[in-house]
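Engineer: Dock chain one against chain two, each of which comes alone in its own frame, and use the hints as you go.
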Amino acid sequence: ISLSCRIPSAVVTRRGIAKKPNWIIHQFPIDRQLQNDNFVPVNGVNNFIMSRFFATGSDSESEESSSGDEIAPKPTGSTFAKQSLLLSDDEEDTKRVVRSAKDKRFEELTNLIKTIRNAMKIRDMAKCLEEFESLCKAFLKSKNIVDKEGVPPFYIRLLADLEDYLNELWEDKEGKKKMNKNNAKALSTLRQKIRKYNRDYEAEIGSYKENPEQSADEEEEKDDEDSEGSSSDSKGEKGEDDDGMSAKTFLKKKTPEATGDPRKFLKGAEDEESDSDDDDDEDWGSDTVDSDSESEDDEGKNASLAVVFLKKTQDGERRSGDKKKEKDDRKKGHRKKLQQEEGEGEEGEGEGEGEGEWEKVKGGAPLVKEKPKMFAKGTEINTTVVVKKLNEILQARGKKGTDRAAQIELLHALAVISAEHNLGEGILVKIKFNIIASLYDYNPNLAAFMKADMWKKCLDCIDELLNILFDNQNIFIGENIAEDSENLAISDQPFRVRGCILTLVERMDEEFTKIMQNTDPHSQEYVDNLKDEGRVCGIIDRLLLYLDTKGSTEEICRVYLRRIMHTYYKFDYKAHRRSLAHQEGESKSEQDQAECEGEDSAILMDRLCKFIYAKDRTDRIRTCAILCHIYHHALHSRWYQARDLMLMSHLQDNIQHADPPVQILYNRTMVQLGICAFRQGMIKDAHNALLDIQSSGRAKELLGQGLLMRNMQERNAEQEKIEKRRQVPFHMHINLELLECVYLVSAMLLEIPYMAAHEFDARRRMISKQFHHQLRVGERQPLLGPPESMREHVVAASKAMKMGDWRTCHGFIINEKMNSKVWDLFPETQCVREMLVRKIQEESLRTYLFTYSSVYDSISMETLSEMFELELPTVHSIISKMIINEELMASLDQPTQTVVMHRTEPTSLQNMALQLAEKLGGLVENNERVFDLKQGVYGGYFNRDQKGGYQQKQGYQRDQRGGYQQKQGYQRDQRGGYQQRGGYQRGGYRQNQSSY
Amino acid sequence: MSYVVLKIIKHYQEEGQGNEVVQGVLLGLVVEDRLEITNCFPFPQHTEDDADFDEVQYQMEMMRSLRHVNIDHLHVGWYQSTYYGSFVSRALLDSQFSYQHAIEESVVLIYDPIKTAQGSLSLKAYRLTPKLMEICKEKDFTPEGLKKANVGFECMFEEVPIVIKNSHLINVLMWELEEKSTLADKHELLNLSSSNHLEKSLQLLMDRVYQISTDCLSLFSVSVSLQYVQRRQQENVQRQSRGEPPLPEEDISKMFKPPQAPPRMDTLLIAGQINTYCQNIKEFTSQNLGKLFMAEALQGHNS
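Sequence order for the protein chains is A and B.
Under my numbering, the very last position in the first sequence is 996; numbers go up by exactly one each time.
Under my numbering, the very last position in the second sequence is 303; numbers go up by exactly one each time.
Only chain B is shown next, with the shape it has when bound in the complex (with noise of 0.2 angstroms):
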C-alpha cells in the first residue's frame, strides 16, 4: 500500500537524520501466496532517561487501539531505514529471527532515504532463507555448524519481490493531478554528480573490509596457535606411545592467550553487508554511466 510507504517516508522525515536509524511495526495479513501490507506505525524514539518504557507494552496498546478502529492489526514484520545500504548486522538479524520464528510470514522492509531523495525510491524486504532459520534455531555458529547447513553470505537473506498498489480512487486522483500539473522537477533523477555519493559508500565499503581483514589476521593467529597445539598434542601421543613422559602445557597457555576465534556469524554478516555495499555501488554506477551517456550525447547533439 503505498501508505505504508509514505508513512514510513514521513517517518523518516521527522525523526530520522544521518545515520540515524528509525524502525517501526507493519500490520496486514497474508492473502493467498502474497502477504499484502496495509498499514504501519512507528516505534517511538525513547531516549536514555526513560528506559522504564515498555516497547511491547506499547505495541500491544497500538494494535488493539487500531483494531478498535477497525484496522488490520496482524503484526506481520518491521520496517527500518537505512544509512547508504548498511542494514546487515546482527541485530537485524536477531529481530528478523524472533519476528520470522513468532509469525512466519514476517518480513523486514528496508527503506533507503538517500537513494529515494536522489529520486528513486529505495524500499527492499527481505526475509531470512529457512536455512539460516534452522541454524539460528540452534543457536549453532560455529564454523562447522555454518559449514554443515552450507551458508554462505549470498543465502542468508531472501529479497521479496514487492509491488505497491494503491486504491482505485487514489490512482484517479494521481492521473488527474497528472494533468494539472505542469512538468514536475525531476532533476533529481538526472543529477549527474556522483562523487559524494560513491565516496561515502566507498569509505563505508572500506570499514567493512577493514573489518574483515583484521578478523583474517586473528583467524590466521588462531589457526597458527591451534596447529601449534595440535603438534604439541601429536608429540605427546607418540611420546606416550614410546612411553615418555608427555611435554608439559603450560608454556602453551603462556605462548598465546587461550584463541579465540572470531565469531564466525559475524564475519558472515560482514561478508554480506560488502556484498550489499558491492551490489549499491554497482547499481549506482551503471545508473550513473548511464546518465552521463545521456549527456554526452545531449551535448554533442547540442554543440
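Same shape as in the complex, but just chain A (with noise of 0.2 angstroms):
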C-alpha cells in the first residue's frame, strides 16, 4: 500500500527502458499528473493528454520523433483519441496500483510541484502559473489528509523555493525586460499570489528556510531524475558529436553538472551536493528509499544500454534526445528559451553546436503566431546544424499529430537560414527538396487536392529550385544518391544532393490535374487556375532543358512525355492561321502546306515523340506517346499521317490490356481521329472510329469526362473514386456533342443510301445501331414539331434525305443552332461545311436513285445533277460507280447522258416467293435427314432410292435457280454489251420511245 508515488513512473521508465527513451522518467509524471487532475475519459484535456501520450509511446517504438507541433492545443479527432485510449491501455494497467487516499493526493501534488519545478527551470512563467493555481486546488482538496498528516514538508518547500525564485526574477530587471508579455504577466500574477498564499504557511516555511536539509533527499531523488533525463539528453547530443565516448563517462561527467542545474536557480548558493539521506518523514524516507534504488537501477540500465545504442542507432537516439527535448520545451508553449539555461548549456559543455542544439526551440509554440524560430542566438550555424535541423523536422512527416502547415513553415525558415548563412546551394536544394515533398504531403488523402496558395508556393519553390539548378551545374541530384553520399557542405566538390526533380515536376503536373479535376469547370476559378496551365509547362520545359544535359535516357523519355502530355491535346493556332495566311500568299501543294504548319508543335511532337520511339524502354510511355501523337496529328487534320501511325503502332489489338489511364487516352485518340476523318471527309473512316465509343453509349465514361449515374450495385464509393481520380480536367474534354453528331451525320451519310438499297432484303444488317435508336426515338413521337435538338435536327435529316431531299436535310444539317452547336467549333469550319453539303448531295443523289430506280425507265443525268446541284461529271461518275458495284441494274447512254433503268430488281413479292422457296428448301432438308434417319436402320434398296429420286429433283431446283443466276449474268452481259454499243442501243431505244 505504501508505495511510492514514484513507483508508476519507475515501472514507466522500465518499460521505457526497452526501448530506450530514459527521458520519459522525466516526463512522464507530469503526464500522470494531469490525468489525475482531471480523469474523465474522454474530455478536450485528457486526449490531448493521451494523444501525446501516445505519440510519445509510438516514439520510442518507432524511434522516430514527434514533433511538438502535436502539443500544441488543436482538437484531436475522435478517432484519434479512442486509439490513443487503446493503445495507451496497458501503461494505464500497470499504472492502477491501489494507493492510499494520501498517497494518491501526495502524488499529485508531487506531480504538480515536479511541473512547476520543470516550469521554473525553464522560466516559463505563464506555466508556473497555471501549475501553481492547479497546485493550491490539489491542495485544497487533500485537506483532510493534511489536516491528519500536517502539512507535506515538499509542499513547503516547493513553496519557499518559488518564493525566492520569483523574487531572484522580479529582481532581475534585464532578464524580466527580455521576457515576452505574457510571461512578465505571468510572473507579476504569480507572485502576488504566492506572497498571500504563503503567508498562511509562514512559519513552515521559516522553519524549512531555516533547515533546508529536512528533505533534501525528497529533492536529491528528483535531482537524480533530472539528472538522469539530463544526461541521457547530453548522451544524445553527444552521441553525435563523439560517439566514442561511452555512456558511463557521460553519466560521470554530467551528473555534477545536471544537479548543478537546479540549484543555481532554486537555491542560489545552498549547496545541495552534501544533502544527506535523513529524512523525517518516515514514508517518504521508505519511499526514497525504494525509488532512489530503482532511478539507480534505471540508470545503470540506461548506462548499458546506452552504450549499445549509442553504437548502432546513434541516429535514432540522436533524434529520440532531440525530441524530447523539443518537445519539453514546445510543451511549454515558449517561444524564447531561458537565457540562463542557454548560457549554462554552452558553458557548461562548450560543445557550441551540440548543446546548441540542445537550446533549440523548434519552432513548436503553434500558440502564440509567431515566427518560430530555428536556432537559439548564437548557435553558429553550418551544414551539419542545418541538415540535422532538417532531419528532425522531416521525422515528423506522416505523423498522425503533425502539423503539416507548420512544418512547412519550419522548413521555409530553414531554407532562409541556410540562405542568410551561405551555406551553399548544396543545403539549399535539399531543403527545397524537402520543403516541396512536404507541400505534396500536406494533403493526407490522396483524392484531396491542394489549395491555391500551396499550389503557388510549390510552383514558387519548384521554379526556385530549378534556379539553382542551372546556375550551379555542379549539383547532382539523383534518386540513387544514398543518404550518406551526399555531399552538401564541401564547395569545392561538386554537391551531391539526394532527390529527384523529376519525380516532383511529375507529382507537380499531377496535382495540377487534380486541382483542375476539383474545380468546377463553369467557375471564374477554373480559368484562374488554368493559366498555371503556362507555368507548369514552363517548369516542364525548363525541366526538360536540364534533363537534356543531365538527365539519364528514361528520365529524359518521362520529361518528354511530360511536355507531350501538355502538348497533344492543344490546337496549334499560331501554326493554323501560319498556314492560312501561306496558302493565301501562294498556292502550295498540300505537302508543303504540312510542313510549314507543324513548325511549332508538330515538330516538337515529332522530335520527343521520336526520341521515345527510340528511347524509351517503357512500353507505357511510349504507348502514351505515339496516342498522343497521333491525337496532335488528327487534331491538325494531318489524317494520313494519324491514321498510319495508328495502323503502324497495332495499339487496336492489345489496348485492352492498358490500364485504364491509358485506355482513355486510346479512347480519345480514336475519337479525334473520327473527327478528324470526318472533317477531311472520310466518312466512313470517321464512322468506323466513333462507331465503338459511341455505340456503348457511354462516351462519357469511355472518354474519362464525367461518370455516368449508375446504381450504387454496379460500383461501391470505392471504385467511384478512383474513377474520378481518372476523369479528364475540363479543359481537356473533346466535345461529346460535336462527337456525337459527326458520328450520327456519318451514320446517317452511310445508312440512308444503305437502307434504300437493301429496302426488300431480309437479310440487311444496320451499320449503326444507334442511329437507328434514333430513328426509332424520332418516329414514336406522337407531335413533330420542328427539330430542336442536334439529334432531332440529324433524325429530321436523314427523313429528307430518304426522300432524295437534299435540300431540306442540308437545311436541316446546316443551320444557325447547328452552326453554334456543332460545326463552329471546328477549325476549318467552313471547309467542314463545304464537305459536309456535298456529301449530302451525293449521298442523296445515291439515295434517290435507289428509291425511285424502279419508276424510271430512264434519267437524264443532267436532270440529276440541277436536282442534287451536282456537277455533270460528279453525277456520272456516282451513277458509274454504282453500276459496277450492281447497286443499281441500269446502264448509261453516253450521248443522250442518260442512265436507263433495267428493272431487274425483284419486286417485293418476287422477294418473299424467294425467300419462301428457300425456307422451304430448308424444311425439305430437314425432312429429309428425319426421313433418312428412320430409314437408315433399315436402309433399304428402296429408300435410297427414293432419296435418290428427291434429290434429282433439289438438283432440278437448283438448276433452276442456276437458270435464274444465268439470267441475270446475261442480263448483265446485255448490260456491258449495252454499254459498248450504247449507239445501237439507243436507236432501239429511241424506236421503243416512239412505239409508246
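Some residues of chain A that are not near chain B, with every Cβ distance over 12 angstroms (derived): (1) N467; (2) R535; (3) Y546; (4) E555; (5) Q641; (6) L651; (7) K700; (8) I722; (9) H733; (10) R833; (11) E866; (12) M901; (13) H902.
List of simulated lysine-lysine pairs, DSS-like, C-alpha gap at most 25 angstroms: (14) K919(A) / K200(B); (15) K919(A) / K282(B); (16) K147(B) / K934(A).
Listing some non-contacts, in silico: residues in chain A with all C-beta distances to chain B over 12 angstroms: (17) T189; (18) E204; (19) A405; (20) W455; (21) I468; (22) T519; (23) Q524; (24) L530; (25) D541; (26) Y613; (27) S695; (28) L736; (29) V777; (30) Y852; (31) Y856; (32) P895.
Hints in this document: simulated from the structure, not taken from any laboratory.
Each residue gets a CB set at the ideal place from its N, CA and C atoms; glycine is no exception.
Structural biologist: Next comes the structure, spelled out in C-alpha cells:
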C-alpha cells in the first residue's frame, strides 16, 4: 500500500527502457499528474494528453520523434482519441496500483510540484502560474489528509523555493525585459499570489528555510531524476558529436553538472551535493530509498543500454534525445529559451554545436502566432546543424499529429536561415526538395487537392529549385544518391544531393491535374487555375532543358512524355494561322503546307515522340507517346499521318491490356481520329473510328469526362473515387455533342443510302445501331415539331434524305442552331460545311436512285445534276460507281447523257417468294434428315432410290436457280454490251420510245 | 339464311379489326338431311378485366330470350372470322370437337372478311371427320395413334357445302332493287392489284413453313437421341447375354435432355393450315390470272 508515488513512473521508465527513451522518467510524471487531475475518460484535455502520450509511446517504439507540434491544443479527432486510449491501455494497467488516499493525493501534489519546477527551470512563468493554481486546488482537496498528517514538507519546500525564485526573477530587471508579455504578466500575478498564499504557511516556510536539509533527500531524488534525464539528453547530444564516448563517462561527467542545474536557480547558494539521506518523514524515507534504488537501477540500465544504442542507432538516439528536448520546450509553449539555461548549456559543456542544438526551440509554439525560431541565438549555424535540423523536422513527416502547415513553415524558415548564412547551394537544394515534398504531403488523402496558396508555393519552390540547379551546374541530384554519400557542404567538390527533381515535377503535374479536376469547370476559378498551366508547362520545359544535359534516357523519356501530355491536346493556332496565310499568299502543294504548319507544336511533338519511340524501354511511355502523337496529328487534320501511325502501332490489338488511363487516352485518340476523318470527308473512316465509343452509349465514361449515373451496385464508393481520379480535366475534354453529331451525321450518310438499297433484303444489317435507335425515337414521337436538339435535327435530316430531298436535309444539318452547336467548333468550319453539303448531295442522289429507280425507265443525268446541284461529271461518276458495284441495275447512255434502268430488281412479292423458296428448301432438308435417320436403321434399297429421286428433284431446283442466275448474268452481259454499243441500243431505245 | 350471313358480316365490321377474331353462336334446326341455320348471335368481346364473365350463362340467357320471342333456339354450331384463311388451329379443333361431341350436327362457319371485301363472299362450313372425332375422343395424339387411324392433314376437316337461302319476300325485294339501281360499283371484284394480298399470304405461309421445319429439326434430334438410346439398350441386352455388367445409363441423360418429341397433332394442324393457305393462294392467283387476261384482252381491244 505504501508504495511511493514514484512507482508508476518507475514502472513506466522500465517499460520505456525497453526501447530506450529514458527521458520518459522526466516527462511522465507530468502526464500522470495531469491525468489524475482530470481523469475523465474522454474530454478535451484528456484526449490531448492521451494523444501526446500515445505519440510519445510510438516515438520510443519507432525511434522516430514526433514534432512538438502535436502538443498544440488543436482538436484531436475522436478516432484519434480512441486509438490513443486503446493503445495506452496497458500502460494504464500498470499504473493502476492500489494506493492509499494519502499517497494518491501526495502523488498528485508531487507531480504538480515537479511540473512547476520544470517550468521554473525554463522560466515559463505562464506555465508556472497555471500549475501553481492547480497545485493550490489539489492541496485544498487533500485538506483532510493534510490535517491528519500535517502539511507535507515537500509542499512547503516548493512554496519557499518558488517564492525565492520569483523574487529573484523580479529583481532581475534585465531578464524581465527579455521576457515576453505573457510571461511577464504571469510572473507578476504569480508573485502576488504566492505572497498571499505563503502568509498561511509562514511558520513552516520559516522553519524550512532554517533547516533546508530536512527534505533534501527528496530534493536529491528529484535531482537525480533530472540529471538522469538530462544526462540521457546530453548522452544523445554527445552521441552525435563524438560517438566514441561511453555512456558511463557521460553520466559521470554530466551528473554533477546536471545536479548543479536546479541549484543554480532554485536555491542560489545552497549546496545540495552534501545533502544527507536522512528524512524525517518515514513514509517518504522508505519511499525515497525505494525510488532511489530504482532510479539507480534505471541509471545502470540506461547506461548500458545507451552504449549499445549509441553504437547501433546513434541516429535514432540522437533524434529521440533532440525530440525530447524539443517536446519539453514546446510543451511549455514558450518560444524563447531561458537565457540562463542557454548560457549554462554552452558554458557547461562547451560543445557549442551540440549544446546549441540542445537549446533550440523548434518553432513549436503554435499557440503564439509568431515566426518560430530555428536556432538558438549564438548558435553557429553550419551545414551539419542545418542538416540535422532538417532531419529532425522531417522525422515528423507522415506522423499523425504533425501539423503539416507548420512543418512547411519550418522548412521555409530553415531555407531562409541557410540562405542567410551562405551555407551553399547544396543544402538549399536539399531543403527545397523537402519543402516541395512536404507541400505534396500536405494533403493526407490522395483524392484531396492542393489549395491555391499551397500550389502557388509549390510552383515557386520548383521554380527556385530549377533556378538553383541551372545556376549551379555542379550540383548532382539523383534518387540513387545515398543519404550518407550526399555532399552538401564542401563546395570545391560537386554537390551531391539526394532527390529527384523529375519526380517532383511529375507530382506537381499530377497535382495540377487534380486541382483542375476538382475545380468547377464553369467558374472563374477554373480559368484562374488554368492560367497556371503556362507555368506548369514552363517548369516542364525548363526541366526538359535541364535533363537534356544531365538526365538519363529514361528520365528524358519521362519528362518528354510530360511535355507531350501538355502539348498534344492543344490546337496550334499560330501554326494554323500561318498556314492559312501561306495558303492565301501562294498556293503550294499540300505537302508543303503541312510542313509549314508543323513548325511549332507539330515539330516539337515529332521530335519528342520520335525520341521516345527510339529510346523508351517501358512500353507505357511509348504507348502514351504514340497515342498523343496520333491525337495531335488528328487534331491538326493530318489524317494520313495519324491513321498510318495508328495502324503501324497495332495498338488496337492490345489496348485492352493497358491500364485505364491509357485506355482513356486511346479512346480520346480514336475519337479525335474519327473527327479528323470526318473533317477530311472520310465518312466511313470517321464512322468506324467512332463506332466503338458511340455504340456503347457510354462515351462520357469512356473518354473520362464524367461518370455515368449508375446504381451503386455496379460500383461502390471506392471504385467511384478511383474513377473520379481518372477523369480528364475539363479543358482537355472533347465536346461530346460534337462527337455524337459527327457520328450521327456520318451514320446518316452511310445508312440512308444503304437502307434504300436494301429495302427488301430480309437479311439487311444495320450499320449503326445508335442511328437506328435515334430514328426509332424520332418515329415514336406522337407530335413532330420542328427539331430542337442536335439529334432531332439529324433525324429530320435523315428523313428528308430518305426521300432524296437534299435541300431539306441540308437545311436541317447546316443551320444557325447546328452551326453554333457543332460546326463552328471545328477549326476549318467553312471547309467542313462545304464538305458536308457535297456529301449530302451525293448521298441524296444515291438514295434517290435507289428508292425511285423502279419508277423510272430512264433518267437524264442533266436532270439529276440539276436536282442535286452537282456537276455532271460527278453525277456520272456516282452513277457509274453504282452500276459497277451492281447497286443499280441500269446502264449509261453516253450520247444522251441518260441512265437507262433495267428493271431487274425483284419486286417485294418476288423477294418474298424467294424467301419462301429458301425456307421450303430448309424444310425439305430437315425432312430429309429425319427420313434418312428413320430409314437408315433398316436401310433398304427402296429408300436409297427414293432419296436419289428426291435429290434429282433438288438438282432440278438447283438448276432452276442456276438458270435464274444465268439469266441475271445474261442481263449483266447485256448491259456490258449495252454500254459498248450505245449507239445501236440507243436507236432501238428510241424506237421503243416512239412506239409508246 | 342470308340473315345469318349479314349478321356475321355486321358483327365483324363492328368488332373485328385486322387479325382479331370474332366468334358467335349459330342457331337453327336439322331438317331431313340438311342443317338449316336460321339465326345467330355473337359472343361478346370480353376484355381482361371482366374475368368473371360467364359465357355459358350468357349463352343460356340469350337462347332463353330468343325462345321467348319464338325464334329457333337450338344450338347447331358456331362461327368465326379469319385473317387470310388462318383458322386451322388447336383451339378451333378443340372447340369444334366439344361442339360436335355434344351436338352431333354442329358445324363451324368460317367467314373471311378480307376476301369478302375483295368482292366475293367467302363463307365456309367445316366439320371434323369421324376419324378425327374418334382420335379426339380417345385423346390419342401420339404418332402411333394417328398412324393407326390413318389421319392425314387432308382428312381432318370436311367441308360442308353451303346454300344461302332468302325468304321469298326478300327475293322479291332484291329483284325490285336490282331493277331500280344503276350499275353497282363492282370495281372491287375487278381489282387487278394482287401483290398485297399475295404478300400477306406468303408471309403467313412462310411462318408456318418455318414452324414446321423447326418441328422437323426437333424431331430429328429426338430421333437421333432415341436411336442412340436404343443402340445402348441393344448393347446392354447383348452384354447381359454375355454376362457383362450393363453400361451406365447416366451419360445418356447427360448427353440428351429427356427427348420431347414435337406434338404430332400440332404438326398435323400446321400442315393443314399450310394446305389451306396454298389452296387460298391458288384460288386467288387463278382468279387474278383470269382478271389479268381479261384486262389484257380489253386493252388489246381498246388500242
